[in-house]
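Q: These protein sequence lines are chains F and H, in that order. So for the first sequence, numbering that gives the first Met the number 0 puts the first residue at 0; every next one is plus one. So for the second sequence, numbering that gives the first Met the number 0 puts the first residue at 0; every next one is plus one.
Keep in mind that the hints are not guaranteed to be accurate.
Pairs involving identical chains hold if they fit within one copy or between any two copies, as the list cannot separate such chains.
Here are the computed lysine-lysine pairs in the DSSO-like style, where the Cα-Cα straight-line distance is at most 30 Å [what the hints assert, rightly or not]:
# : residue 1 : residue 2
1 : K329      : K302
2 : K329      : K290
3 : K254      : K217
4 : K45       : K326
Note that these hints are calculated values from the structure, not bench results.
2 protein chains.
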Amino acid sequence: MEKILRKRPTFADYLEGIKRHDKIITAQAITLVESQLPADIDLAEKIIEAILPLTGNSIRIGITGPPGVGKSTFIESFGEFLTHAGKKIAVLAIDPSSTLTKGSILGDKTRMENLSRNANAFIRPSATGNTLGGVTNATKETILLCEAAGFDVILIETVGVGQSEVAVRDMVDFFLLLVMAGAGDELQGIKKGIMEMADGIVVTKADGDNVKRAQHAKLDLQNALHLFNTPPSQWLPRVVTSSAITNLGIEDIWKMIEQYADVTKQNDFFSINRQQQDISWFHSSMQRMIKKEIVDGIASAEKIKELEEKIMAKEISASAACNLIVKMIKQRFAKI
Amino acid sequence: MEKILRKRPTFADYLEGIKRHDKIITAQAITLVESQLPADIDLAEKIIEAILPLTGNSIRIGITGPPGVGKSTFIESFGEFLTHAGKKIAVLAIDPSSTLTKGSILGDKTRMENLSRNANAFIRPSATGNTLGGVTNATKETILLCEAAGFDVILIETVGVGQSEVAVRDMVDFFLLLVMAGAGDELQGIKKGIMEMADGIVVTKADGDNVKRAQHAKLDLQNALHLFNTPPSQWLPRVVTSSAITNLGIEDIWKMIEQYADVTKQNDFFSINRQQQDISWFHSSMQRMIKKEIVDGIASAEKIKELEEKIMAKEISASAACNLIVKMIKQRFAKI
Numbered sequence: 000m001e002k003i004l005r006k007r008p009t010f011a012d013y014l015e016g017i018k019r020h021d022k023i024i025t026a027q028a029i030t031l032v033e034s035q036l037p038a039d040i041d042l043a044e045k046i047i048e049a050i051l052p053l054t055g056n057s058i059r060i061g062i063t064g065p066p067g068v069g070k071s072t073f074i075e076s077f078g079e080f081l082t083h084a085g086k087k088i089a090v091l092a093i094d095p096s097s098t099l100t101k102g103s104i105l106g107d108k109t110r111m112e113n114l115s116r117n118a119n120a121f122i123r124p125s126a127t128g129n130t131l132g133g134v135t136n137a138t139k140e141t142i143l144l145c146e147a148a149g150f151d152v153i154l155i156e157t158v159g160v161g162q163s164e165v166a167v168r169d170m171v172d173f174f175l176l177l178v179m180a181g182a183g184d185e186l187q188g189i190k191k192g193i194m195e196m197a198d199g200i201v202v203t204k205a206d207g208d209n210v211k212r213a214q215h216a217k218l219d220l221q222n223a224l225h226l227f228n229t230p231p232s233q234w235l236p237r238v239v240t241s242s243a244i245t246n247l248g249i250e251d252i253w254k255m256i257e258q259y260a261d262v263t264k265q266n267d268f269f270s271i272n273r274q275q276q277d278i279s280w281f282h283s284s285m286q287r288m289i290k291k292e293i294v295d296g297i298a299s300a301e302k303i304k305e306l307e308e309k310i311m312a313k314e315i316s317a318s319a320a321c322n323l324i325v326k327m328i329k330q331r332f333a334k335i
Numbered sequence: 000m001e002k003i004l005r006k007r008p009t010f011a012d013y014l015e016g017i018k019r020h021d022k023i024i025t026a027q028a029i030t031l032v033e034s035q036l037p038a039d040i041d042l043a044e045k046i047i048e049a050i051l052p053l054t055g056n057s058i059r060i061g062i063t064g065p066p067g068v069g070k071s072t073f074i075e076s077f078g079e080f081l082t083h084a085g086k087k088i089a090v091l092a093i094d095p096s097s098t099l100t101k102g103s104i105l106g107d108k109t110r111m112e113n114l115s116r117n118a119n120a121f122i123r124p125s126a127t128g129n130t131l132g133g134v135t136n137a138t139k140e141t142i143l144l145c146e147a148a149g150f151d152v153i154l155i156e157t158v159g160v161g162q163s164e165v166a167v168r169d170m171v172d173f174f175l176l177l178v179m180a181g182a183g184d185e186l187q188g189i190k191k192g193i194m195e196m197a198d199g200i201v202v203t204k205a206d207g208d209n210v211k212r213a214q215h216a217k218l219d220l221q222n223a224l225h226l227f228n229t230p231p232s233q234w235l236p237r238v239v240t241s242s243a244i245t246n247l248g249i250e251d252i253w254k255m256i257e258q259y260a261d262v263t264k265q266n267d268f269f270s271i272n273r274q275q276q277d278i279s280w281f282h283s284s285m286q287r288m289i290k291k292e293i294v295d296g297i298a299s300a301e302k303i304k305e306l307e308e309k310i311m312a313k314e315i316s317a318s319a320a321c322n323l324i325v326k327m328i329k330q331r332f333a334k335i
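The following block holds chain F by itself, in its conformation from the complex (with noise of 0.2 Å):
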């Protein structure tokens, strides 16, 4: 069992080989922008900047909902349908336990059988990251890289953690949320704020004796949802039953996603999302490094930790120990 020591791929291979639609380089690509290797993410840096033109030529769906609903059964059903249909597909998975349990790679193959010996489908969890519930830079440029590799459907799976849903919503086109009907005619397991984000509600399980119950939750979703505004897109979300043993419905949802995103189109909502998601995400992600790399630097952890309790001892308020903090920074600048 001999080990056998790869070369590494060069920033001519890499571009050759996504351009190739090379399965291999791609995955190799996205374990280079995981990386938090100065010298890879130099590389990585200069492989995204080469492929950006190729990139936004897919459709970017978000699914999640809660432990048990049936995601993965979901995915090999819709990825099979979709393959089918002539489509590549890219599932990213984001799991944020990933980094203690070492074994989602492995877990999600074996999840989505099927699926991972599609020659025209490429499941990759994300292995790193615990900021902002797994999704991290790196979930984005995978899209970019994914796109760049030729994948007409990208898939992007959360756990249901609350803030992953948010920061996945912040990336994709459509966002699909799969619920189950409960043991009563409630709907069990819904985190609040999730449902408003859904461009699309799936009941799962619509098979055998549970065909009522589901219809009977479609329902009552489409009634709380009739509560809503008009959102900025136009598209007024819909529910769907479906069943991974009889195939119920999973057609329908990829037309209601190709209907979405024909809608969008035309009202050009699809274009200036996309770009009003790049501008936030760097907002955002500027923030949050800056908070990372001079906050942390300058004020230590047990600062911050001896500030927070003496706002809960209400010793200071949460504005002075804030000024507090700028004050020491700003100090720093001074000295230049």
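Starting from the known structure of chain F, arrange chain H on it as the hints suggest.
A: Only chain H this time, still in chain F's reference frame:
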């Protein structure tokens, strides 16, 4: 019409006046915390620090709703009810447009005519701020000053521009959403996400021809609220119909808020929530101020704009643009 120049109060004057529950001194202290002058900022911080032990003994209620829903009329009725019940109330109106119109102080007092003449009520429009839809550091400090000045109930009114609701939600104990029944049986004008933040919903104008419609709306809203998980407060949001003409619901709304306080004080959510609000305010205002002081100091608005345009033209990725700014800032630090 001579203008009388009042002597500026000293630190001791402020402190003694607030402790004596003097409305004029309290109003002057609020003006001080709203000031941007360095000398005022220092004095304001000293005052806030001194009064901190006197704060916390109020219930902080956020009130929002779409234009035309009858927020002022509701606050007038609700405020009259509360003062009759022996409460001292402060009304803080967040109006992001007030810097433009300059007329909102007069405007608010005219809007709430009876309340403004009530000795146990204090009406204060926020005069400042474009950040977070009119919500600033000053809003948080103003709440503290009002508490120290003996107000039992603090009502914070926002105008429904989205960002201000989230900011206000994060500084109150109870968040009340006002809606009205629309032309059909749908509710018009509820912004996505706002409903999910509400601890209570009031359907206004439930009088005359509108009673049936309001009751329908109440049922619709109750059904929609049932879909969501129990929030961390363990409090299940309720819907009340109300009329400022017949005073229908006014007492029920106060009872609901008292029950909320009972429940959340018993399960400790009340105090834990306030502590968490302070800590997250500390962190978010740190990020905001550092962005303002440091990024804007080094990376000019033009540089940011230039990068934004490059991002939109796909000449650079959002992450690379962010890295560029962070590098600029780190270089300044490296020179020390």
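Q: It remains to establish, for every hint, whether it holds in the given structure.
A: Okay, the hints, checked on the actual structure:
no.: 1; hint: K329 to K302; result: both (16 Å within a copy, 21 Å between copies)
no.: 2; hint: K329 to K290; result: both (14 Å within a copy, 12 Å between copies)
no.: 3; hint: K254 to K217; result: within (18 Å within a copy, 35 Å between copies)
no.: 4; hint: K45 to K326; result: between (37 Å within a copy, 16 Å between copies)
In this structure, every one of the numbered hints holds.
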